[in-house]
Every structure is written in structure tokens, then in C-alpha cells.
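Engineer: Chain A is already provided as a structure; the job is to place chain B on it using the hints.
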Amino acid sequence: MTSALLDARNISKTFPGVKALDDVSLMVHAGEILALVGHNGSGKSTLVKVLAGIYQEDSGTVATPGGSVRRGNRDGLHFIHQDLGLIPTLTTIENIDLGRSLGARAILPSAIRAERKHARALIEQFGADFDVGVLVSKLTPAERTIVAIARALDGWTTSDNVLVLDEPTAALQGAEVGKLFAAVRRVASAGAGIVIISHRLDEVVELADRVVVLRDGRVVGDHPRGEFDRASLVRLIAGQIGDDARELAEAGVPGAVRLGVLGIASPQLRDVDLEVRAGEIVGVTGLRGSGMEQLAGAIFGAVPTEAGRVQVDGLAVRPGSPAHAIKAGMGYVPSDRRRFGAIVSMSAKENLTLPRLASLRGRMGQIDPSAEKAEADRWLDHVGVRPSRAGDRSFGLFSGGNQQKIVIAKWLRNAPRVLLLEEPTQGVDVAAQASIHDLIARIAAGGAAVLVSSTDTKELVTLCHRVLVLHEGRVVSTLAGRELTESALVRATIDSPATPGSGRE
Amino acid sequence: MSEHVDRSGWARARRYLGFRNISAIYIFVVIFAVFAIRIPSTFLASTTWRTLLDNQVITGITAIALIIPLAAGVFNLAIGLQVGAGSMFVAWLLVSHGVSIPAALAVTALSGILIGLISGWLIVKVRIDSFIATLGVSSLLAAFITGISGGEQILGVPDSYANFGVGNFGGITYSFVILMALALIVWYLLERTPSGRRVYATGGNIEAARLAGVNTTKVIFGSLVACGLLAAIAGMLVTARLGNADPTIGPSYLVPAFTAAFLGSTQFRGGRFNVWGTVLSVYVLAAGVKGLQLSGAPVWIPDVFNGASLLVAVGMAKYQGPSGDYYSIRRILRMRVRSVPSLEDGDG
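For the record, the sequence lines run as chains A and B.
Per my numbering, the first sequence runs over residues 57 to 561.
Per my numbering, the second sequence runs over residues 192 to 539.
In case anyone wonders, no lab produced these hints; they're calculated from the structure.
There may be inaccurate statements among the hints.
[Unchecked claim] Derived EDC-like pairs: lysine to aspartate or glutamate, alpha-carbon spacing no greater than 20 Å straight-line:
(1) Lys-383/A - Glu-398/B
(2) Lys-173/A - Asp-210/A
(3) Lys-429/A - Glu-382/B
Just chain A, same shape as in the assembly:
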């Protein structure tokens, strides 16, 4: 046990209101492939960020063979994030070359032939064989990942290094996964340690020498190869979390169908049908890339669709036109507030009234300032924005929770028949979370049809009457009533049949 390349011990990390990591220990040995699994909110991301030095652990130590590591200087640890960090408009040769320090050579002409040879040699190390002179954007996703790994490994002088891969297979299909795994195995057999984070359990079972399962910030399982299988992993990840009786969502009997979606398709969605009734809150969840990120946007017309029909109260909504969707009675709270949800440079009041200015017009066609102010104050007060009467304040100056309330108020003012929300409490503190949930429940109780896309299982279980689970662009299961528990949801999300090779062609 002397050969640990990475030895993290008793790491704890608390954020206001959340204990993200609780006494977590993790050890990686030379030549070992360690899989780190766990559901959303289990603490995986936090652990990776602590290892990377992005977050400072509250207590515990992270050590590599070079001794205890200082913050922000973790020699021997290499991280490959999901977006890979490559520049798509450059070739493999150029991308690999970017990582090297140049010193005085910076203004000398590039040694093109030597660089090409070097890049080829690196790529071949991983059993890959593609043209290194081609733009990275023209490579397949697996090849791109290999370029990223090659760049990370370039210049390793010793093999006592650890490579951390964050969901490397999320964008890959069948044969591609195999190629990447072959490369990863080569890195491990050269004596490096690998940490791979993945939601795809079949791949974990196939590849990992050891698996560590996180749940609620704690290590709930640490098993060597042969002592785990797919079923035991699902049990460990899902646990028995939060399976107490639900309260909020049971009230009221849903009415007539308000939102009807038929065969909607987009690059991520394939033929999704769904119905939401008046007074009903329907949840949508799934893994990254399952299509759950696109569904609400596709219904609203924010994301281009390839096919499908959307109806509100039986009337068709023109696809791809948010303006028309709003007229039909829809509202949309996107997950990325600052990019899509609001105009940060405008005031809360201006954001609030933007979708419907006509009702504020004075005799000259102007916006009546006092009417606007009064109406803004009323709505901001209604959703509990603090400080009150701050409608003239710039949107960007409000806290995350208040910003979200303003965005919701903007749609409430339109008395929406259908409200679509994505990650409604993302980046919001616990108190604001509760009041936003309460608000959503009240909107539904008022007769609107509500669709909530979220990766937060707890949120879905407290809020929704029914939850749809997406996998590879399709609805693979629906949970409602007594079946709708957090562990059942987690199980349905991660236990969807892995279908490498099938589907995306």
C-alpha cells in the first residue's frame, strides 16, 4: 500500500446550509482505474474541485508522492473535464503544442515536422490512428478525448501521475467508447492512476478496477473489481434517501389537459409525447445528454425543433416562436438565468414588464411610469423579492434567489396557462428554494399546467405529481403516486438500459 499516487484523507467541505463532503477518503494506486460514482448532489463535483484545488477543503489532507499538496499546485494530478478544453479551430498538432512552454522559442518559426512527429507518437501511444493535421472539430468525440488525454500526458517525465476524467463518455457512442477505454487502459498499464467519473454503470463495471460510491457527501461503498455489479451499484447510489411520505404535491385533482406535446424532436429529443393537465406539476429528469435539458426549451420554441406539435388548451402553437408561445399562454424560466432568463443590465422592473408592455400604455402610446412602478412593486412583493420596492434596481444586483423570483414573477404577471421551468432552484439558497417551491405549487393550484425540468430528485419528489425520466431523448419511465420516491427516481435515472451502439446513428 505504499504506492498510492493520490491519497486524500478525511476530506470535509461545507457550504452554507449543505455539508457537501463528509469525511471522504480516496486512494488511487499506480496502474489502477478507479471509478467514482454517485448521483447529482452526491458530492462528486465538489470532491473533484477539492482535488483540483478549486475549493479549499475545510479539513483533511490531499497527498501525492511529492508530499502534501498545497492549494492550487497539485503536481501530478491532471484533470480532463467534459468540455475537454481543446480549441476546435486548431489541429491536433497545434492543440498539443499549446500546452508546452516556449520560452525564447516563442518567436521562432514552429518546427512543423518535429511537432507533427511528436503529436503522432503521442496519439499512437493510445492505440489511436488519425490524422494529427486535421482540425480538432473534424475528429470524432472519442478522438477528441484522446487528444485531450495526450495533451495532459505530454511531458510527463515519470509515470507516477493521476489522470482524472470527468464523464468522458457522455458524448460518445458504441465503438467510440471502446476506443477511449483502450486508451485509458494503456495509460493505466504505463503506471499512472486513473479516476473516472461516470453515470454509465455498464461502463464502470467493464472498466474499473475499483469503484467508490458517494451519496450525500459520504463514501457509502468502496469495492474492488469482482465485488460489485450493476445491481449492487444502483442500490448503493440510490440508497433509501428521502423516502418519507410526500406532502406538497398531493393536493387537488388535476383538470383538463392544458399542455399537449406530440412527437417533439430535436437534436437531443426523439419523439417525446406528454400531457400536462390544469393544476398538475409534471417533472422531467434524466442524465446529462438525455434530452432533459432541451425539452422545456423545445416546447417553448427557444430551442429549434425538427418535428412535433405543441398545443395549449387544444390550440396549436407555432413551433420555434417564443413570441407566439407567450401569446398562447406559455411562460418559460430557463436554467441559465444570466444568459437566457433576464437582461442583467436592465432593472428588475424592466425585466418584469418586458413580455407585456401593451397594458401599461398611456394615451400617447408611452409607458406610463407610475403604472409600471406600481405594477412592478405589486408583483415583486407577491413573489417575495427582497428588498421590497426595489424595482428600479439593476437585475444583476439581486441575489440568485431573488433573481429567480423576478423571472418567475415576469411570467406570473401574464397569468400563464402553461409554465415551463428548468432547474428552478439552481444556485438559490435554502430559504429561497422553499419559497420558490411554494410559489410553483400555488401557480399550479391556480389552474396552470406546470412542467419542471430538474436534476434535483428531492425537488422533483416534493414538488411534482408525476415525473418523466428521459434517456437518449425518449421517455423511458414515468413515476407517480407512491412510486415517486427519491431512490426510485435515482434508480430510474441511472438504471436505464445502456445501449451502446444503438440509437444515435
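Structural biologist: Relative to chain A, chain B alone:
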């Protein structure tokens, strides 16, 4: 409305009167004081100020035209040549074709609208970046100007037309009245109507505006059409004031208009392009240039002054932050630092 006067009233007054909000006025006071002490006889003469007001009318209208697309998030680098084209086209109609004055005015105005539509089409439909699209348009306009004029001045504009350019009531020229009238109209449209709100929304965040139901295509077209119309009016006025049309005149308005628009955006409205800030900036810059000229500064000084002011204005706007208060950027940064854990831990 019972406005309670409390600390926030004071804070608001301080914000309105603070250097950050009305820096141009403070700069103006300094410029005025310096030159009033150094060269009182010429700088304080009433004719100096009357010509100053009148001389800046074209720059003023051009700058107002420019802020409409800028507010919608669209650059218009063709603005100088749009003025030049308007000037040349109206003279060409009047002189070379003997078209009547009202008809020439109407056709020139339509040509301005057409230029706006072409720019809008290139930006929205062909999806060329506004910077490049309007750069291309400006080159086409240069060709148009040279084409119809043969690269020569067009002289002999009808007297009744030229007389209007120098006419005045009681010392205030018609040109200045037109500038003020246009400023008032654009101010009203941008800041008091739903359409103006949509223009600012589009410029603030085009994707979020679209998702709030704003027809951003229409907004961009509309802003460029309005800009084209105003630029054509500026051009017609140039010809009336000079009594002829000069093929080289357009480009000289580009930098002053951008300078005034950007410096203006730092005034009053906290980082938003706005009419009165722009008009104020035009005159503050002109007063500075005038003072320098009257003190015998070399001829290249106005260009230095304009260029330096543009750079300073944009530099200031960068650090000003969305609410216009100096500390807002830091406040946002602090807020983001605090919210990072909860934001980033979402997919742990």
C-alpha cells in the same frame, strides 16, 4: 404617492449628481473655467457660442442616429458615409436632375430608409456580423457617392434650399431647432415607449429578449431604418448649410459621432446609450476643441481631443457596470463569489 424623504433620497441625489453620472457636466465646467480665464475675450464672446451651437448640429444628428442601432446592440460603421450619401444624393437630384425640393427631400429620405433596410437584411437575414456588414455597406456607399458625383463637388444648389441652411429665428438657427426636435422625438421613442424598451432589451441580451417575446428581427431592422432616415436628414442639412455637396465629407462624422455616443452612454443613464447624454457630449467635446483652437493650438488638436475622448469614454463605460454606479461591478463580483458553491454544486 407619498415619497418619504429618507437616506435613500439623499443617496439618490448623490448618485444623480455624482461624477460618474454626469461627468461630462463637470468636464464642461472645467473646460469653461480654464478657457474663460485664459482667453476671456474670445471664448466668452456670444458669437463664439452661437456658432458653436450651430456648427455641431450635423455631428449631433449623426450621433443621435447612431445611438439607435447601438442601443439595439448593432454597430453601424456606415454612419459617416450615410450622411455623405444623403448630402450628395439630394444635391444630385436638385442640381443634376432639377427635381423639386419637396420631391428631392422625400426621395433622399427614402434612400436613407433603404440603406437601413439593406444593412438590416445583411445583419439579420444573411447573418453577417454588424461590424463587417456595415463596413461593407460603407464601402458601397463611397462608390455610390463617387459614382453620381464623378468625385467632384456638386455646386449650384437652389438658393431657397441653401437659405434654409443658414436661416434662423432670433439667432437660433433652423438647423439647431431641427437637432433639438429630432433629439426630443428619439428620446421619447427610446425611453418612453414600449418600442424603445424593446430596443434596449435587444441590445442588453438578444437571446433573453427573444425568449421574453421580443421580435428582435423587427427591432434590429427598425433601429437601422430609423438610423438611416436620421442620417439622410443630416445629409440633406449638410447640403443646405454648405450650399453644395462635397464627396469627401461623410467619413469626418464617423469618429465624432461614435465618441459622443459612447461618452453619452456614460452619462445620466448608467451605461445605456441615451439621447441627452449624447447631445451633451457633442457640445462638451466641441467646447473643448473650440477653446483649444481659440488658444492657438495646432490644427491637429481636434482629432487628438476626439480620439482621446472616445478611448476614455469607452474605458470608463467598461468599468462602470450595469447600474451605472461605480461599485456595482465589485458588488456583482462579491455576490457571485458568495453564490459559487450553490451554483456549482448542482451536479455533484
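Engineer: Does each hint hold? Answer for all of them.
Structural biologist: Against the structure, the hints:
1. About 18 Å separates the Cα atoms of Lys-383/A and Glu-398/B, which keeps this hinted pair within 20 Å; it holds.
2. Proximity of Lys-173/A to Asp-210/A is assessed by CA-CA distance (about 13 Å); at most 20 Å being required, the pair is judged to hold.
3. Using a Cα cut-off of 20 Å, the hinted pair Lys-429/A and Glu-382/B holds, with the two alpha carbons roughly 15 Å apart.
Against the hints set out earlier in the document, no violation occurs for any number.
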